[in-house]
Structure formats: structure tokens, C-alpha cells
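A.B. asks: Chains P and R, in that order, give the protein sequences.
Residues 98 to 490 (our numbering) are what the first sequence spells out, left to right.
Residues 98 to 490 (our numbering) are what the second sequence spells out, left to right.
Think of the hints as simulated: they come from the structure by calculation, not from any bench.
As the structure is a computational prediction, the values presented were derived from the model and not from experiment.
Some hints here could point you the wrong way.
Identical copies carry no separate label here, and so any pair may be met within one copy or between two of them.
[To be verified] Using 30 Å as the maximum straight-line C-alpha spacing, the simulated DSSO-like pairs for lysine-lysine come out as follows: (1) Lys240 with Lys323; (2) Lys162 with Lys402; (3) Lys119 with Lys361; (4) Lys461 with Lys361; (5) Lys423 with Lys323; (6) Lys180 with Lys162; (7) Lys240 with Lys261; (8) Lys119 with Lys162; (9) Lys162 with Lys146; (10) Lys487 with Lys414.
Number of protein chains: 2
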Amino acid sequence: MNINKNYQNIAESYLFSTIAKKVNEFAQNNTDKKIIRLGIGDVTLPLCKTVVEAIKAAADEMGIKETFRGYGPEQGYDFLKTKIQQYYLSHNVVLDLDEIFISDGAKSDLGNILDLFDFDNTVLVPDPVYPVYVDTNTMAGRKIIYANANADNNFLPLPDTTIKADIIYLCSPNNPTGAVYNKDQLKAWIDYANNNNAIILFDSAYECFITDETLPRSIFEIDGAKTCAIEFCSLSKTAGFTGTRCGYTVVPKDLEFENVNINKMWLRRQTTKFNGVPYIIQRGAEAVFTKEGQKEIQENLNYYKENAKIISDVLKKHNIWHIGGKQSPYIWLKCPNNMTSWEFFDYLLENVQIVGTPGSGFGKNGEGYFRLTSFGSRENTQEAAERLDKLLN
Amino acid sequence: MNINKNYQNIAESYLFSTIAKKVNEFAQNNTDKKIIRLGIGDVTLPLCKTVVEAIKAAADEMGIKETFRGYGPEQGYDFLKTKIQQYYLSHNVVLDLDEIFISDGAKSDLGNILDLFDFDNTVLVPDPVYPVYVDTNTMAGRKIIYANANADNNFLPLPDTTIKADIIYLCSPNNPTGAVYNKDQLKAWIDYANNNNAIILFDSAYECFITDETLPRSIFEIDGAKTCAIEFCSLSKTAGFTGTRCGYTVVPKDLEFENVNINKMWLRRQTTKFNGVPYIIQRGAEAVFTKEGQKEIQENLNYYKENAKIISDVLKKHNIWHIGGKQSPYIWLKCPNNMTSWEFFDYLLENVQIVGTPGSGFGKNGEGYFRLTSFGSRENTQEAAERLDKLLN
Numbered sequence: 098m099n100i101n102k103n104y105q106n107i108a109e110s111y112l113f114s115t116i117a118k119k120v121n122e123f124a125q126n127n128t129d130k131k132i133i134r135l136g137i138g139d140v141t142l143p144l145c146k147t148v149v150e151a152i153k154a155a156a157d158e159m160g161i162k163e164t165f166r167g168y169g170p171e172q173g174y175d176f177l178k179t180k181i182q183q184y185y186l187s188h189n190v191v192l193d194l195d196e197i198f199i200s201d202g203a204k205s206d207l208g209n210i211l212d213l214f215d216f217d218n219t220v221l222v223p224d225p226v227y228p229v230y231v232d233t234n235t236m237a238g239r240k241i242i243y244a245n246a247n248a249d250n251n252f253l254p255l256p257d258t259t260i261k262a263d264i265i266y267l268c269s270p271n272n273p274t275g276a277v278y279n280k281d282q283l284k285a286w287i288d289y290a291n292n293n294n295a296i297i298l299f300d301s302a303y304e305c306f307i308t309d310e311t312l313p314r315s316i317f318e319i320d321g322a323k324t325c326a327i328e329f330c331s332l333s334k335t336a337g338f339t340g341t342r343c344g345y346t347v348v349p350k351d352l353e354f355e356n357v358n359i360n361k362m363w364l365r366r367q368t369t370k371f372n373g374v375p376y377i378i379q380r381g382a383e384a385v386f387t388k389e390g391q392k393e394i395q396e397n398l399n400y401y402k403e404n405a406k407i408i409s410d411v412l413k414k415h416n417i418w419h420i421g422g423k424q425s426p427y428i429w430l431k432c433p434n435n436m437t438s439w440e441f442f443d444y445l446l447e448n449v450q451i452v453g454t455p456g457s458g459f460g461k462n463g464e465g466y467f468r469l470t471s472f473g474s475r476e477n478t479q480e481a482a483e484r485l486d487k488l489l490n
Numbered sequence: 098m099n100i101n102k103n104y105q106n107i108a109e110s111y112l113f114s115t116i117a118k119k120v121n122e123f124a125q126n127n128t129d130k131k132i133i134r135l136g137i138g139d140v141t142l143p144l145c146k147t148v149v150e151a152i153k154a155a156a157d158e159m160g161i162k163e164t165f166r167g168y169g170p171e172q173g174y175d176f177l178k179t180k181i182q183q184y185y186l187s188h189n190v191v192l193d194l195d196e197i198f199i200s201d202g203a204k205s206d207l208g209n210i211l212d213l214f215d216f217d218n219t220v221l222v223p224d225p226v227y228p229v230y231v232d233t234n235t236m237a238g239r240k241i242i243y244a245n246a247n248a249d250n251n252f253l254p255l256p257d258t259t260i261k262a263d264i265i266y267l268c269s270p271n272n273p274t275g276a277v278y279n280k281d282q283l284k285a286w287i288d289y290a291n292n293n294n295a296i297i298l299f300d301s302a303y304e305c306f307i308t309d310e311t312l313p314r315s316i317f318e319i320d321g322a323k324t325c326a327i328e329f330c331s332l333s334k335t336a337g338f339t340g341t342r343c344g345y346t347v348v349p350k351d352l353e354f355e356n357v358n359i360n361k362m363w364l365r366r367q368t369t370k371f372n373g374v375p376y377i378i379q380r381g382a383e384a385v386f387t388k389e390g391q392k393e394i395q396e397n398l399n400y401y402k403e404n405a406k407i408i409s410d411v412l413k414k415h416n417i418w419h420i421g422g423k424q425s426p427y428i429w430l431k432c433p434n435n436m437t438s439w440e441f442f443d444y445l446l447e448n449v450q451i452v453g454t455p456g457s458g459f460g461k462n463g464e465g466y467f468r469l470t471s472f473g474s475r476e477n478t479q480e481a482a483e484r485l486d487k488l489l490n
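Generate coordinates for the entire structure from the input sequences, incorporating the hints supplied.
C.D. replies: In C-alpha cells, the structure reads:
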């Protein structure tokens with residue numbers, strides 16, 4: 098048996114293990130000091146009440162013969178798809194139910210969608226970026242090229258028409274930078290894709306943080322997207338589902354390449370290699386989209402956004418260049434005094450015991466930058482801001 | 098963008114859609130007649146009480162800040178892996194915790210594991226068989242050859258040393274035939290695999306139906322398996338999790354090909370393209386392995402096995418050749434009077450309104466055979482047996 102040798106080309110990521118090692122060492126040598134972690138991209142507020150109640154009610158249903166459910170549709174139950182359809186309609190995107198596929202999260206589908214594409218495609222990935230876009234394509238041996246995101250373009254690269262790319266990743270609001278494409282910018286990417294027979298894989302996992310109504314929450318708000326884009330979204334950040342696992346993927350029925358319908362291909366992939374999201378979890382996800390659920394998750398989102406403002410305000414006060422935080426849970430800052438990302442990491446850890454994420458861990462253009470997140474508790478975020486204020490004085 | 102053209106080679110399966118069409122037509126024309134469905138491979142008894150309570154308790158935990166859980170380990174929580182480790186130990190299989198990977202079901206992992214293997218491998222699939230083994234490899238363009246399962250070998254094909262296969266699928270107890278390999282037979286496959294540098298993908302999704310203690314529930318009960326096999330199991334049939342989605346995959350640390358460790362490759366695949374099974378569901382799965390949980394699921398398994406006996410008894414009475422049913426929820430019978438599978442399907446539907454599954458839908462060697470399942474209610478199963486008894490007189 099021959100193995101898939103492309104796995105040997107995946108770069109080992111030492112980012113989070115190195116962070117853990119440094120933090121552990123520091124903690125052992127400084128047992129009297131309180132460390133504040135603003136590095137992790139995971140939520141901390143609990144599932145909202147409406148969701149918990151829906152999950153428990155569904156569990157009860159599963160325990161009774163008359164209401165028990167066995168295999169569900171691989172692409173998800175209509176009760177949840179209908180809610181997502183209405184959610185899209187609320188920002189003026191019209192979708193058919195069979196364009197919506199319920200998933201166990203954006204990460205799974207972002208990896209699995211690649212099953213549909215040939216290996217000889219060229220993949221365009223922004224740098225810096227969420228590492229799995231690169232790793233999943235490296236596993237398949239595809240050629241990867243990069244779109245440079247940097248301060249010159251506000252970390253929002255636009256298409257270069259002299260470059261031929263087949264599969265394009267966009268993530269907006271971006272992880273790690275928090276930058277958000279406006280409609281004109283997304284339109285430029287859509288035009289590029291339609292003109293170059295390319296497909297856009299649009300990661301909208303952070304769309305719920307957008308409050309500026311002029312900014313698109315879905316790529317399908319823009320004309321032309323349905324012939325070139327797939328959108329991946331998740332309830333992980335929207336409703337604290339990082340450990341509860343539910344998301345959705347939108348594959349338009351108009352999406353065709355080489356006269357083959359991509360929506361039908363994805364349905365075939367999912368019915369063959371997936372058995373759907375647990376019924377109980379889908380009922381929890383449905384509750385997110387109720388009036389009460391929306392109110393409760395909005396309170397949580399506001400809490401995180403207020404945290405982001407607290408961090409942003411102290412950076413502003415000290416004239417530290419940063420983006421994100423407003424329409425995103427992430428703040429992306431330029432390390433002061435031309436420190437490298439890891440130098441600034443050590444500087445923060447040693448002086449004020451704040452843990453963040455070195456930007457260089459997300460790609461070469463991340464060098465000299467640093468990511469802080471708003472997912473901590475209010476108390477810790479405030480304390481971190483006070484410590485930063487003193488340090489930067 | 099070029100698509101994966103192998104998808105165009107996947108055979109469209111009309112098996113279950115044709116069954117549905119025929120049954121609907123009959124029902125419309127015979128509104129006075131009660132149809133009994135013994136065709137579907139889905140459970141009907143509800144989740145057991147202990148599982149429901151565990152799921153509800155976990156949902157409550159997720160609603161409280163202090164006990165909320167975000168991202169979990171992609172490969173599953175230790176609390177569940179420890180229970181599975183103990184379960185294996187109870188049939189004398191010693192596993193390390195990091196050889197156990199929690200999955201959202203055997204179907205997902207059986208498809209996704211193929212990521213690790215090159216495309217130029219030859220795949221050996223028994224015929225008749227669960228169709229996804231063939232479809233998932235067709236999607237990747239691999240060469241597929243078949244091991245004929247038939248009455249001569251009691252539907253348990255053994256290795257042919259003159260044939261070179263790289264990836265071998267075994268399913269025991271088998272779907273659709275219900276046949277179970279004994280230890281000597283599995284040893285023959287293990288020896289073949291170790292001698293030919295082949296890997297065995299062992300689907301043990303129905304292991305819980307084995308009560309004959311001389312028959313192996315896990316391929317790892319047999320010496321030599323840890324250097325050539327991966328085992329896929331599921332709680333779908335064990336504990337009625339078809340709609341609740343939890344399974345596990347065992348990848349031994351001794352499994353190496355081309356000096357590359359397959360356990361590490363799978364860990365890398367899962368951490369890159371998967372985000373784990375919901376915490377709430379893993380707590381439900383944990384409850385399956387408690388003393389109370391085991392007692393409750395055994396009651397359900399006994400119920401299905403009694404159904405199988407009721408069907409088997411009437412077939413025996415009329416001298417209809419069949420296997421399965423004893424260590425499996427499936428009964429695989431030879432259609433009487435040399436009817437084809439579809440002729441017998443029509444004959445049963447029209448005369449006694451029993452719906453089963455034509456064996457030809459599972460492969461060419463299934464022609465002339467028929468699958469009945471024990472997953473119906475006791476009342477329906479008894480009524481079906483009475484109708485069969487009269488029909489076959």
C-alpha cells in the first residue's frame with residue numbers, strides 16, 4: 098500500500114505548542130503572577146438558555162419511541178435549513194433550501210470541499226491566514242500561491258489579473274487580521290473569478306461580528322457570486338458552538354464548472370462520506386435563529402465587542418497601529434518599536450503577563466504584527482488593558 | 098478550475114429510490130392494505146434513559162460559564178476514549194488511548210481515511226457489500242477489484258494469494274449478509290495483508306450483535322492485526338445512535354507503511370479537517386459504556402435479535418436457505434423458486450405487503466438473494482412472519 102506522500106510536505110506548525118511551552122515555563126518560574134490569555138480564538142461565554150432548552154427537549158424526544166429519530170438527511174433537516182434561509186433573506190440573499198448544507202463546522206467543510214476539485218488547480222491563499230487553507234491543499238499536492246495582505250492594502254488584498262488562480266480563499270471578517278472586505282472589493286474578486294473560471298471559497302465564520310450595514314455579511318449579497326462562490330459559515334463564534342459543532346455551507350445551484358453542477362457534486366460527496374449533524378444539535382442550532390435566541394446571542398456578541406473596544410482604546414491612546422476589533426473579535430496590531438512578533442510576545446509575557454498570538458505564525462506577512470482576541474472575560478480584558486496602558490506609557 | 102472528474106464514474110444507485118417508488122405506487126393503489134417495512138437498516142428503539150440523562154446533564158453544563166466547554170480535542174475527550182479502551186479490554190484487546198479516535202460515525206471515517214492513501218493502490222472490496230466502499234474509492238479514481246462472496250463460501254470470501262490488493266475492506270458481521278468471520282478466517286486475511294504490504298479497513302459497526310464468544314468482535318483480537326489493520330466502529334446500531342452520530346476508529350501505533358506512521362497521519366488529517374464530536378454527544382456516548390447503559394442497550398439488542406429469530410424461524414420452517422440473524426440484525430435469504438431479487442421484492446410486496454431489500458442492489462453476487470432486517474417493531478415483525486408463513490405454505 099502506498100501512502101499519500103503529500104502529507105510529508107505539510108509544515109509542522111509549532112505556533113500554539115511554542116506559545117504553550119513559553120507560557121508554561123514562565124508560569125512555573127513566576128507562580129505569584131497572574132497570566133491573562135488573550136491569544137486563543139475560542140469563545141468563553143456559555144450556550145444561551147434558549148439553545149440549552151432546545152437541546153434538552155430534543156434529547157427527551159430521542160428517548161421516546163414515538164418521537165425518536167434515526168438517520169436524518171445528510172444535508173440537514175429542513176427545520177434548520179428554513180431558519181438559515183430566512184436569516185439570509187434578512188440581508189437580502191435569496192437561497193433555495195437545497196443550496197444550504199448543514200455541517201459539523203466550517204473547518205470540516207472547508208477541508209472536505211476539496212474532494213470536488215482536481216489536483217492540478219492553482220490555489221490562491223491570502224497571507225497571513227488561518228493555516229488550514231494551506232494544510233488541506235498541501236495534503237492534496239496542489240500548487241499554492243499567495244496574495245500578500247499588508248499595511249499597504251489594509252490587509253485586504255485585491256485580485257491581480259496577471260496571475261492565474263483556480264481556487265481562491267477569502268475570509269472576511271478575516272482571521273487573524275479582523276479586516277473586512279467592502280462590497281466593491283468583493284465585487285472585484287467575483288469579477289476576477291467569473292472571468293478566469295475560478296472558484297471562490299468564502300469563509301464567513303465571523304460574519305456575525307459585522308454591524309456596519311454597508312459591509313457584506315455574505316458574498317451572495319453581491320451580484321455574480323452565485324456563479325463562482327461557495328460560502329462556509331459556522332455557529333462557533335456566532336453562538337458559542339465551538340464545542341457543540343454546527344455550521345452551514347451554501348453551494349449555489351448556478352455553480353457549474355466544465356458543465357458539471359457543483360451543488361450536485363457536493364450533495365453526492367456528503368451523502369457518501371457524511372451522515373449529517375446530530376438531530377439534537379440541529380435543534381439547538383434552530384433555537385439560535387429564534388427571536389429569543391437572536392436576542393441572547395447578540396448580548397454575547399456585544400460583550401465580546403465591548404472587550405475589543407477596551408483593547409482598541411488603549412492601543413489608540415498609545416498610537417499603536419491596529420485594525421479589526423470593530424467588525425471582528427480579533428485585533429491585529431503592529432508591534433511597537435519594530436519588534437518582531439515573537440519579541441513582542443516575550444515582551445508582553447514577561448512585563449505584563451499578557452498572552453497573545455504572534456502574527457508571524459499566520460504567514461510571512463504577519464511578521465511584526467500581533468493578534469489579540471476579545472474572547473476573554475470582561476475583568477481580564479480590563480485588567481489587560483490597564484497593564485498595557487502602564488507598559489506603553 | 099478543473100473538477101475532480103472521477104465523480105462522473107460513480108454509479109448512480111437507484112436501489113432505495115426504486116424501492117420507495119414501487120412501495121408508494123402500491124400504497125396508492127391499495128390504500129386498505131398495511132405495508133410492513135423490513136428493508137431499512139435503521140434502528141427504531143429510542144435512546145436509552147441513561148444516555149438521554151447524560152446528554153441533558155451535558156447540555157446544562159454547556160449553559161453555565163464555569164462548566165462551559167469550547168473546542169475539544171479533535172480526536173475526542175479522554176473520558177470517552179477511556180471507556181472505549183476498557184470496552185476493548187473486556188474482549189482482551191489492549192489499546193493505548195491515542196490509538197482511539199472519536200468520530201461522528203463509521204461512514205465519515207471510512208470515507209475520510211482514504212485521504213491517507215495514494216491513488217495508485219488497488220482496492221479489494223467484497224461483493225455484495227455496503228456501497229460506500231466502492232463509491233468513496235471511485236471518487237478518488239482508484240482501481241477496484243472484488244472478492245466474490247457467495248453460497249459456496251458462506252458469503253465469507255478468503256484471500257486469494259494470486260491477487261495483489263493494497264487496500265482491503267472487510268465488514269464482519271457483514272452488511273448486507275450478516276455473515277461473521279471466525280478467528281481463523283480473519284487470521285488468513287491478516288497474514289495476507291502483512292505478507293503483501295496491504296492494509297485492512299475493518300468495519301465492525303455490527304460487532305455488538307455477536308454473542309457467540311468464539312467469534313471475534315474486533316480484528317485486534319487476532320495476532321498480527323496491529324501492523325495491518327484499522328478498525329471502524331459506531332454506536333449507531335450498538336446504542337441507536339443513527340441520528341445522534343458517534344463512533345470510533347482504532348488506528349494502531351504499530352501501523353506503518355513506507356516508514357510513515359499511519360496513526361500520526363490520521364491525527365494530522367483529523368486535526369486539520371475535523372473539529373471533533375460535540376461535547377454533549379460524547380457525554381451521551383460515555384453513558385453507553387456505563388454499567389446501567391450497557392444493561393439498557395443490551396435489552397434493545399435482545400429485542401432486535403428476538404425479531405431476527407422470529408423471521409429466521411419461519412424461513413427455516415419452509416426450508417428457505419438463509420444466513421445472518423444470529424450474530425447480526427440482517428437476514429440474508431435465497432429467493433425461493435429461483436426468483437431474481439427484484440421478482441421476489443415484487444412478489445412479497447404484492448402478496449403480503451412486506452418490503453425488503455433486493456440483494457442485487459449490493460453487488461452482482463447479491464442477485465437471487467434478499468435482505469430482511471430485524472429493526473422493525475415486535476408486532477410488525479410477528480405479523481410479517483405470519484404472513485410469510487401463509488404465503489410460503
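A.B. asks: The structure should be examined with respect to each hint, and the outcome stated for every one.
C.D. replies: For each hint, the structure was consulted:
In this assembly of identical chains, the alpha carbons of Lys240 and Lys323 lie at most 30 Å apart only when taken from the same copy (25 Å versus 35 Å across copies). Taking the closest pair of Cα atoms, Lys162 and Lys402 come within 30 Å of each other only across two copies (18 Å); inside a single copy the shortest separation is 44 Å, beyond that limit. Taking identical chains as interchangeable, the C-alpha atoms of Lys119 and Lys361 lie at most 30 Å apart only when they sit on different chains, with a minimum of 25 Å there against 48 Å within one chain. Only between protomers do Lys461 and Lys361 lie at most 30 Å apart by alpha-carbon distance; the minimum there is 27 Å, versus 38 Å within a single protomer.
In this homomeric assembly, Lys423 and Lys323 come within 30 Å of each other (Cα to Cα) only inside a single copy, at 28 Å, whereas the closest approach across copies is 52 Å. Taking the closest pair of Cα atoms, Lys180 and Lys162 come within 30 Å of each other both inside a single copy (27 Å) and across two copies (27 Å). In this homomeric assembly, Lys240 and Lys261 come within 30 Å of each other (Cα to Cα) only inside a single copy, at 12 Å, whereas the closest approach across copies is 33 Å. In the homo-oligomer, the alpha carbons of Lys119 and Lys162 lie at most 30 Å apart only across protomers (27 Å), although the nearest pairing inside one protomer, at 53 Å, exceeds that limit.
Within a single copy, Lys162 and Lys146 get their C-alpha atoms as close as 27 Å, and across copies as close as 12 Å, so both meet the 30 Å cut-off. Proximity of Lys487 and Lys414 under a CA criterion of 30 Å is satisfied intra-copy only: 11 Å inside one chain copy versus 89 Å between copies.
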